[in-house]
Structures are given as structure tokens and as C-alpha cells.
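Let chain A serve as the given structure and place chain B on it in line with the hints.
There are 2 protein chains.
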Amino acid sequence: MAIETDPVQALEELAAKVKSQGDLIRSLKSVPTADRDSDRINKEVEILKDFKNAFDEYKQSHGLESITSDSKKSPTGINHNNKNHKNKSKDNKFQLKVPKGTKDHHPKDMIIREKIFKTITKVFKLHGAVTIDTPVFELKEILSGKYGEDSKLIYDLQDQGGELCSLRYDLTVPFARFLAMNAKEFATIKRYHIAKVYRRDQPAMTKGRMREFYQCDFDFAGLTDPMVADAEVLSIACEVLEGLEVGEFTIKVNHRKLLDGIFSLCGVPDDKFRTISSAVDKLDKMSWSDVKKEMTEEKELDPTIADKIGEYVKLKGSEELLEQLSQDIKLTNNKAAKEGLEDMKLLFSYANVFGITPRISLDLSLARGLDYYTGVIYEAVVEGSAPPMPSTPKPTTQSVKTHSKKNELDAEEEVDESQVGVGSIAAGGRYDNLVGMFSSGKDKIPCVGISFGVERIFSILKTRAEKEIENWKGKEVDVYVMSVGDGLLIERMKVCKELWNAGLSAEFMYKVKPKPQRQFEILDRDQIRFAIILGPEELKMDKVRIKEQIGKEGNLDVKDKDGLMIDRKDMIDWLLKRLNKN
Amino acid sequence: MAIETDPVQALEELAAKVKSQGDLIRSLKSVPTADRDSDRINKEVEILKDFKNAFDEYKQSHGLESITSDSKKSPTGINHNNKNHKNKSKDNKFQLKVPKGTKDHHPKDMIIREKIFKTITKVFKLHGAVTIDTPVFELKEILSGKYGEDSKLIYDLQDQGGELCSLRYDLTVPFARFLAMNAKEFATIKRYHIAKVYRRDQPAMTKGRMREFYQCDFDFAGLTDPMVADAEVLSIACEVLEGLEVGEFTIKVNHRKLLDGIFSLCGVPDDKFRTISSAVDKLDKMSWSDVKKEMTEEKELDPTIADKIGEYVKLKGSEELLEQLSQDIKLTNNKAAKEGLEDMKLLFSYANVFGITPRISLDLSLARGLDYYTGVIYEAVVEGSAPPMPSTPKPTTQSVKTHSKKNELDAEEEVDESQVGVGSIAAGGRYDNLVGMFSSGKDKIPCVGISFGVERIFSILKTRAEKEIENWKGKEVDVYVMSVGDGLLIERMKVCKELWNAGLSAEFMYKVKPKPQRQFEILDRDQIRFAIILGPEELKMDKVRIKEQIGKEGNLDVKDKDGLMIDRKDMIDWLLKRLNKN
Numbered sequence: 001m002a003i004e005t006d007p008v009q010a011l012e013e014l015a016a017k018v019k020s021q022g023d024l025i026r027s028l029k030s031v032p033t034a035d036r037d038s039d040r041i042n043k044e045v046e047i048l049k050d051f052k053n054a055f056d057e058y059k060q061s062h063g064l065e066s067i068t069s070d071s072k073k074s075p076t077g078i079n080h081n082n083k084n085h086k087n088k089s090k091d092n093k094f095q096l097k098v099p100k101g102t103k104d105h106h107p108k109d110m111i112i113r114e115k116i117f118k119t120i121t122k123v124f125k126l127h128g129a130v131t132i133d134t135p136v137f138e139l140k141e142i143l144s145g146k147y148g149e150d151s152k153l154i155y156d157l158q159d160q161g162g163e164l165c166s167l168r169y170d171l172t173v174p175f176a177r178f179l180a181m182n183a184k185e186f187a188t189i190k191r192y193h194i195a196k197v198y199r200r201d202q203p204a205m206t207k208g209r210m211r212e213f214y215q216c217d218f219d220f221a222g223l224t225d226p227m228v229a230d231a232e233v234l235s236i237a238c239e240v241l242e243g244l245e246v247g248e249f250t251i252k253v254n255h256r257k258l259l260d261g262i263f264s265l266c267g268v269p270d271d272k273f274r275t276i277s278s279a280v281d282k283l284d285k286m287s288w289s290d291v292k293k294e295m296t297e298e299k300e301l302d303p304t305i306a307d308k309i310g311e312y313v314k315l316k317g318s319e320e321l322l323e324q325l326s327q328d329i330k331l332t333n334n335k336a337a338k339e340g341l342e343d344m345k346l347l348f349s350y351a352n353v354f355g356i357t358p359r360i361s362l363d364l365s366l367a368r369g370l371d372y373y374t375g376v377i378y379e380a381v382v383e384g385s386a387p388p389m390p391s392t393p394k395p396t397t398q399s400v401k402t403h404s405k406k407n408e409l410d411a412e413e414e415v416d417e418s419q420v421g422v423g424s425i426a427a428g429g430r431y432d433n434l435v436g437m438f439s440s441g442k443d444k445i446p447c448v449g450i451s452f453g454v455e456r457i458f459s460i461l462k463t464r465a466e467k468e469i470e471n472w473k474g475k476e477v478d479v480y481v482m483s484v485g486d487g488l489l490i491e492r493m494k495v496c497k498e499l500w501n502a503g504l505s506a507e508f509m510y511k512v513k514p515k516p517q518r519q520f521e522i523l524d525r526d527q528i529r530f531a532i533i534l535g536p537e538e539l540k541m542d543k544v545r546i547k548e549q550i551g552k553e554g555n556l557d558v559k560d561k562d563g564l565m566i567d568r569k570d571m572i573d574w575l576l577k578r579l580n581k582n
Numbered sequence: 001m002a003i004e005t006d007p008v009q010a011l012e013e014l015a016a017k018v019k020s021q022g023d024l025i026r027s028l029k030s031v032p033t034a035d036r037d038s039d040r041i042n043k044e045v046e047i048l049k050d051f052k053n054a055f056d057e058y059k060q061s062h063g064l065e066s067i068t069s070d071s072k073k074s075p076t077g078i079n080h081n082n083k084n085h086k087n088k089s090k091d092n093k094f095q096l097k098v099p100k101g102t103k104d105h106h107p108k109d110m111i112i113r114e115k116i117f118k119t120i121t122k123v124f125k126l127h128g129a130v131t132i133d134t135p136v137f138e139l140k141e142i143l144s145g146k147y148g149e150d151s152k153l154i155y156d157l158q159d160q161g162g163e164l165c166s167l168r169y170d171l172t173v174p175f176a177r178f179l180a181m182n183a184k185e186f187a188t189i190k191r192y193h194i195a196k197v198y199r200r201d202q203p204a205m206t207k208g209r210m211r212e213f214y215q216c217d218f219d220f221a222g223l224t225d226p227m228v229a230d231a232e233v234l235s236i237a238c239e240v241l242e243g244l245e246v247g248e249f250t251i252k253v254n255h256r257k258l259l260d261g262i263f264s265l266c267g268v269p270d271d272k273f274r275t276i277s278s279a280v281d282k283l284d285k286m287s288w289s290d291v292k293k294e295m296t297e298e299k300e301l302d303p304t305i306a307d308k309i310g311e312y313v314k315l316k317g318s319e320e321l322l323e324q325l326s327q328d329i330k331l332t333n334n335k336a337a338k339e340g341l342e343d344m345k346l347l348f349s350y351a352n353v354f355g356i357t358p359r360i361s362l363d364l365s366l367a368r369g370l371d372y373y374t375g376v377i378y379e380a381v382v383e384g385s386a387p388p389m390p391s392t393p394k395p396t397t398q399s400v401k402t403h404s405k406k407n408e409l410d411a412e413e414e415v416d417e418s419q420v421g422v423g424s425i426a427a428g429g430r431y432d433n434l435v436g437m438f439s440s441g442k443d444k445i446p447c448v449g450i451s452f453g454v455e456r457i458f459s460i461l462k463t464r465a466e467k468e469i470e471n472w473k474g475k476e477v478d479v480y481v482m483s484v485g486d487g488l489l490i491e492r493m494k495v496c497k498e499l500w501n502a503g504l505s506a507e508f509m510y511k512v513k514p515k516p517q518r519q520f521e522i523l524d525r526d527q528i529r530f531a532i533i534l535g536p537e538e539l540k541m542d543k544v545r546i547k548e549q550i551g552k553e554g555n556l557d558v559k560d561k562d563g564l565m566i567d568r569k570d571m572i573d574w575l576l577k578r579l580n581k582n
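Line by line, the protein sequences are chains A and B. Take the first sequence: its position 29, counting from 1, is numbered 29 in UniProt numbering, and each next residue is one higher. Take the second sequence: its position 315, counting from 1, is numbered 315 in UniProt numbering, and each next residue is one higher.
Keep in mind the hints are simulated off the structure, nothing from the lab. Accuracy of the hints is not assured; some may be wrong.
Lysine-lysine pairs mimicking DSSO-like chemistry, simulated, CA-CA at most 30 Å apart [stated by the list, open to error]:
#	chain 1	residue 1	chain 2	residue 2
1	A	316	B	497
2	A	285	A	308
3	B	115	A	125
4	B	444	B	497
5	B	316	A	140
6	B	118	A	196
Computed from a predicted structure; not experimentally measured.
Chain A with its partners taken away, still in its complex shape (with noise of 0.2 Å):
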């Protein structure tokens, strides 16, 4: 299917659309700053680069590099009647792809996956959740103020009419909605939900940073005594990746009291409590030198107080520096810090009763970029050299960004992630007000959970998996019906169907007359366990003839010349008890 553009007209497009996609980050800009929506702006930026890079890319693809994006410095740099341009489109084919950012999932794939779905739904049903599904996309206005810096991130459908949506960016946000719309009926639930979420990250699919992926979610919703749900939770993370054998990991705990406690008595102004959290974040992928430059210069705090939370953040831990901490007199005397710190010191004793302590630490520089949080945090990582899981992107770019002097397009080329250390592959944590926010405060539940980033773990299991699945197509086929001697095929199909009556997998040739050979082949290639023979002689007698695989727990070879005749009537009991499944 050849498209027949114009590249010139094409890339005069793309042109105009970073042209007008500038002219209005200039106007949002041109308010006092007071006034200004930060939020909105950075979000337009994010598409301003997006913008650069298609017309980049275009303009690269298409060879037409001596034309330039800026229109106002060469608006007349792009020749409408360049011969080789319009050449070049004759050839310019249709583009065979899956949008950047996402993949297709082939079937062995989808082996490993649906094994992982099956392991974590198992734990999530141990303890007693149900499940719950909501549309892909929401209203717009449902996800807007609700992911502080990464809502630059959300994707947007076009406005075609009627209502603004945008696909879910995660599906905590979504499960609040709905308890809001049913507070009644669901005050108290525990809910898990599998399913895709979408961000407008930059991709980096080696990694497994990707656009579309797959969250499975556990929350509890619902008023308790401090810390119970909270300890549940924690021990569903150990318990699904223990189940799933990711290897070796830890699951960082901090609490957003302890931490706005912390930000407070070392003098940090209110309104920046957000913001300087979500530096304090990158500490486990930046020094904290690029992380204090990033609050003193570019979030404009004072140096000593920056100093001051250094002391605090570089802590590490286990009970014993829970007890440390209490010893701080300027910690205690602060009430977030204290409560916080309670809080964290009932988690530990809960989660000693679990038997799960050896597997947390405390760790202070960890604070989640995600605006609904309000009390305990965490974030499970698997020990060793492993890059970041998409369901918690980090606004790696713009930290780069900051402190790289390159294009800031280039930004996100810089970010090496094998010098990541570990990667996060689950994260969650207690958002007592998100309901509220949709509710009028009337109904406000409060809740805890967690989300398991998939691919991440799909990538560890794959690798372990690849040799075990080599020559293996992904299906399971007890029977395959084949014929020798004649085609035979109104025969194999009755046989076949006789077989899925009795729910018995099973295949045949479409083919008025098979060669045996070709038969023969796709029994190999598909390592399908038995071969049920037709022949007239066979069928003279009212029997057919089966043949077991070698090395498919049986006995008979299927290549030995006779295998076992048995009558034609007996040959689904036979099957059924060869395969266990009477």
C-alpha cells in the first residue's frame, strides 16, 4: 500500500505545526508568573519536542535536510517543486509498524504472561479480593491534577465531539472514581484489576520502558485500625514475588508524613513539599549532588535547608533506625514526623508477624512522584543491575535536561539505564483523600495498594523461560488426525469433531488429500502427543490406528511402523484415559 504524499507538503506541515505549537507556549508564558499553568506548559512543551522530532525524523527519512524546522529564520526554505523530493515519494511505502512505544505479543509470549496473571491472581484471591474492570479512557477532567509532574504524560483522545477523555494513566485513579460512584455499595473492598495503562514516556522498549503496559493492581478501600491493611499489602507483594521467582529483592518503605515532616523542620516552604519530594525521588538514580542542584537551582530552594534534608535522606534502614530516628528531638517535636514515625514502627511489628521484615528497609530518600499519596509508601525492587519498570517513570528527561548543556531533545539519549542499579517492580502506597476528591469529601475512603509492573517481570521470566520454550509454538494439541493411503478428509473431519465433543484438542490437514510426509512433519514441528492414523484398510475394519510421540510421557513411537490398532468406538475412552482427563 503506497502512500503517495508529498514530503515537501508533509514536512511544511509538520513545520507549521511546531511554528503554532511555539507560538502558544509563548502566549501561556506571556502571563505574570503568578498566573501562569505550569502544569499546561510543560505539558505543551512535551508535545513541542514530539513535534521537533517528527519533523526531524521526516526530514531525515526523506532526505530533505537542508530545510529547517524554525519558519521564522528561513520561511521560505522549503522548495515546493524539488524534483528529487517528489521522486522519492514514488517509493515512499507504507510504513509496517505498531505505534512507538508499544509491541505486539506473540504467542509464547503470551504463555509467560498469562502464567504471571495466573500466579498474581491467585495470591490476590488468597486474600479475598474480587475483581472490578473500567473503561481505557476517562474524562479528561477525572485524571487532571492527580499525577503532579508526569501528567505531561497523559494521552489524549481528539476531540471529535462530545466529551474530552483520556486513556488512563494508571488504574488507582480510575478505582477511586468508581468507589466514588459507589461508596454505598463498595465502602469496604478489596478489588484487583489486570489490565493496560498509557503513558507518553520516551520509550526505551529494550528496557521495557513502554507507552502501553500492563498494571496489576491490588487495593484495599476501606476505614481499618492504623497499619493492618497497609501490612496486607506488603505481604501480597512478597507473596507474589516470591510466587513468581523474580530472584532476590526489597521492598523500600517511607512514609509521606515522615517525609513532610522532614521537609518542614528543615525549613522548606509549604508549597514546595511536592516538588522537592519528587527530587528527593531520583536520588536512586542521581547523585545527591545533581539532586541538590536540581532543588537550589532549579526549584530555587535555599542551599542549607537542601543541606539539611541531605542529612536526612541519605538514611537507610531497617527498626533499628526507626529507633534512631525517634531519638531525634526535632523529628519527635514535629507532629507529621511523629505520626509518621509511629506509623512506620506499628508497619515493622505487623509485618514481623508476616515474617516478611527481612525484606523491607526503610529508606527515607524514597518519595513517589505521584501527587495522591498520603501515608506509608513503598516500591519493591529486584536486587542486582536492572532498569526502571515503566509503571513508575521518572521524569528522567527533564532531569537530564537540567543538567546536560546538548539539545534537549537529546535528553533523553543520555540517560544510560544500565546505570540504573535496580529496577522497581511493584510500587504503591496509602491515598486516604484520592475518593474524596470526587465525592465532596462526603464519602471519603480511604485506601491502600499496590501495583506490579508486568513487563518488567515478564522481562526477568522470559530470559529464564527462552531456552525451556526454544522449538515450542505455544499450544497444546493432544490429537493431531492424519490419513495415509487416501485423503480421506470427510473422515478426519468426523473423527475431529467427535474429539472436541469430548474435549479433546485436536487438528487436521486442511487438505483434500495430504502427502503422509507433510503430516508427519507438522506432528513434529507442532510435538503434538498423539497421532490418530486413517487408512482404508482402517476404516474397512471400523478401527483406527494411534501413535504416541517420543519423549511426550509415553511409551509408543510414532514413527514405529504399526503403533496401536484399537476399534473405533473405543478410541475416546482410550484417549481420555491416556490423557487423564476422565
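Okay, now just chain B, sitting in the frame of chain A:
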């Protein structure tokens, strides 16, 4: 979350959208007829309707009736300083809902849906199918030109820079794109795919027509002898619908070549085949005289040609109809019609082998709206009066519009779906050229498949299941761990952890000191089979008390004072044995 928007300003913005959309359509229509992009125009008209709807709805809900959307007629009709309107905006709450045409699925619904998926998947696997997954959105150009008149219903993502994408409209085109990209590995494949698809249809939710809904697709790709795989797909349709117990059903079948042959011999010009086909397809919900009107008035077909078509498309029957058609020399003299007839004879002979002929009806009025079918086409309908299913939307709005004198925006209100007759529950056909459209004809993989519409099946099964699950929370928990005499939170947590580790589902109350009565209530409410009861006395003796719910296959009454006292160390084994889990 009160959104403080000025309703007058919001309405002005909507009016501006209506105006600019109208301008766009006028400019698209201003080109000579031959150059007009009618697909684009249709799509933009749909958008205009939605803008107008949004305007009217907003106007009504905010008491701004005096204002008109036609900014040409009354550009100054909107009063900026109307105090009434300003006051209204104070109460203008955030609208808490899911987008139009979508819905949340509650836990009980999910039980039914998962049962449907399980039944369908089981049949697919019996036939040797493997599963794949593709992204929820595709490059816009992948979907264009595949859906005929329905293309206007495709959802686009907003152009936020980078590639232009659309939400998938079905699972068939993404499958063909997948095959074209993986032709070497999957030149032959039986694949199933269960996933959501998206259509900007006018929703009639009570009737099961949605903008987001699940499809369950089975397709066979690869070269075969004629009609063998086609017949197996029909057998699969019967096995699935019988397995789901949807009640009596019929599979209407027809053949594109037979239909094209009829059009040709009746004198329909070649370039009108698809549009006349799409008129014929409405015969299941419109009278012949209305369909004829659409053909002759809207689609400018000669009335004598329409009458000739009418003679054929009213025919319905089985093998005897095939015989009758074979006697029609006009038909057998037409190459396409003759090929179609021969295919249908072969299909019926194979259907006889599979024992499914009683379910199948040759119906010459079946045409299927989509462009990509090339051979046999089919549609399964449940007997009795039922609405059409979401997976086969017919352009009802448009058809009604043609015969209505009312405002076109009200058109969808007029479709009385209860009059529609039977409801389509599955549909599909052969599409031999679709993969080739993506691969320059090099890898022309022929395909045949079927799509089951889950929402429609769901409505049928839900009505039936409603009584059974009325008082059920949708979860199955084995054990409730409770305490009497003291709170014993830590002990309850320990017991739960033991149960989870043993694969037993268990819950406890998230309270330090829960009241016994409240715990018994939950045990009752959630119909949990076993209660493990802890008390100071039992703890001292290292024992637990077990009680079993009445009516839960047990013989111990949970309300019985004593229950069974057993050693704590024997608890797990005892439960595993009673629950047949060891």
C-alpha cells in the same frame, strides 16, 4: 471537586467549535464532486453532530436556552454578564461519570464475564488456537480504508506530536497487520484474541450497544483447500454458542462472490457494489421498500435494477435453495456467482459432516458492512426478539436520517431497537486480500475468522444468573479468622499467613479489637464456609475452634455454641482435607 467554569464562556467555546466544524465541512464540500473525500466528509459530519449535541446538552443543563449555537445568526446572542448564569456556575459540580458509551463492570458481572471468556477460550484451544496481543491503538493509516461507511466511527488519539494513532475498531485489521509483519513465522496460524475494541457509535446502552466493548476473535490464516477451514469456523461458532447456552440460534451465511454476481447480472455498476451491498445488509431491520428507497434515492440506482436485486435478496433457505439457484442459468452464467454457489455447496457438505447444518441458513440478504470480506460471510443470531449486538453496528443513524423529516441530530432517538427483530451475537467471514493490503501483495495470506460479541452474550447470561447470585458478593473465601473474648489481632494475622501459605484463601477484620458480633455478620454476609475462632482459652491450650456455615456443604453450624476444637498444628491439614485441596 467543584470546577469553577463560567457556563456562558464554556457555551461560547462550544458554539465556536460548531462554527469552525461547519466551516471545515463547507470547505471539504466546496471541491468538485469527483475530488471530494466523502469518507472524510462523513466523518466530519459525525463530529459536527456531536458538537451540536454537546452544545444543546450543555445549554439545557445550564439553563441557557435562549442562546443559539448558530453564531452566524446571532453572534451576539451570548450575554457575558448574565448574573443568573454566573451564580449557577457556583453549584456546577464536577461530573462524576464514565465516558458516554462505556461502563464499569462490577465484581459480580466480572464473574459472568470470566465464565464467558473461559468457555470461549476452551473451545478455541480445542481447535489448536494460540493467542496474541496487539496494542489498543494502531497507526491511523493502518485502519484507514478498511471499514467502508463505518470508518467515520473510528476514534482518533489527539495529535500530541509524533505518530497519528487511532483506537482499534476491531481485532481483524490488527491481526492482518500482525500477519503482514510476521509472514515468515506465521504463514499458517490459528489465533484467538480477546480484547476491547472502540467505536464512536451512538450508544444505546440498555440494548448492549457500546463505544467500548469486548470481542472474542478466532481466525485461521493460511492456504487451504476450499471451504475446509471455513466449515471448521462455523463448527466453532456452534460449539461456543452451545457451550454458552445462549438458547436457540441460527447462523446466516452468504458469499460475497454470489452477492457480487447477483449485483452484476442485475446491472449494478461495478463502483456501486459495496454501497448497494451495505443497503442490502439493512434488510434485517428495514423493509424492502425502505431499502429500495435508499438504493434508488440516496444511492441513485435505477429502480428496475433495484427490483431485480429484490427478487434475489429475499431468498432464504438451506441446501434446497442452493439446488434451486443452481438451476438459474443467469446465475450460473456469471463467473463470480457460479464460484460462490460452488463454495456454498461445498460448505454445506462439510457442515453436514460436522452435524451443524440444522443451525445454518443461506440468506441472500446478508451482506456485512465491512469492505474486507472476499468469500463466505456469516452472522449468528439468537432466536426471538433481541437487539443487535455492538460488534456489528449498522449505520442506523444514517439510514433513519434518509427517511426522516426531523432534525438529523434526533435521528438516533427514532430507532426503536425493540422492533429490530433478532440480535446478532457473532459474525465473520473470509478475507483473502486484507493481509496483502499491508504487504504489497507479496505475502497474500488468505484468512477466515469469526468474532463473538461478548456484551450481548453477557446480557443474556446475566439475566439468567441474576437470581442465583443476588446475594453474593462475587468472591469465594475459604476461611474467616476471627476472635472472641479478646482482639488477638497478632494471632489472627499469624493464622491468616499460615492459611495463605497453604493456598487457602482467608480474611480477617482490620481492627485491633473487633466485636464478635460484627465478625459473625461478615461471615454471614460473604457466605464464607469456615470460621476459625480464636479465644484466650483456645490459645492457652494451643487449639483453635472451627465452625462451618450452614448450606455450605458442611454439617457443622457456625451458630452452634461449640464448633469443633482441634489442635492448632492440625488446622491446615484438616481444612485442606475438607476443602479437597490436598
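Distance restraint between residue 316 of chain B and residue 140 of chain A, which requires alpha-carbon spacing of 30 Å or less: With Cα atoms ~49 Å apart, residue 316 of chain B and residue 140 of chain A exceed 30 Å; violated.
Hinted pair residue 285 of chain A and residue 308 of chain A, Cα distance within 30 Å: Holds, at about 20 Å.
Distance restraint between residue 115 of chain B and residue 125 of chain A, which requires alpha-carbon spacing of 30 Å or less: holds, 16 Å
Restraint check for residue 444 of chain B with residue 497 of chain B, where alpha carbons must lie at most 30 Å apart: Violated, at about 57 Å.
Holds or violated: residue 316 of chain A to residue 497 of chain B, with C-alpha atoms at most 30 Å apart: Holds, because 27 Å separates the two Cα atoms, which is no more than 30 Å.
Given pair status - residue 196 of chain A, residue 118 of chain B, alpha carbons within 30 Å: At roughly 20 Å apart (the allowed maximum being 30 Å), residue 196 of chain A and residue 118 of chain B satisfy the hint.
Hints 4, 5 from the earlier list are contradicted by this structure; the remaining hints agree with it.
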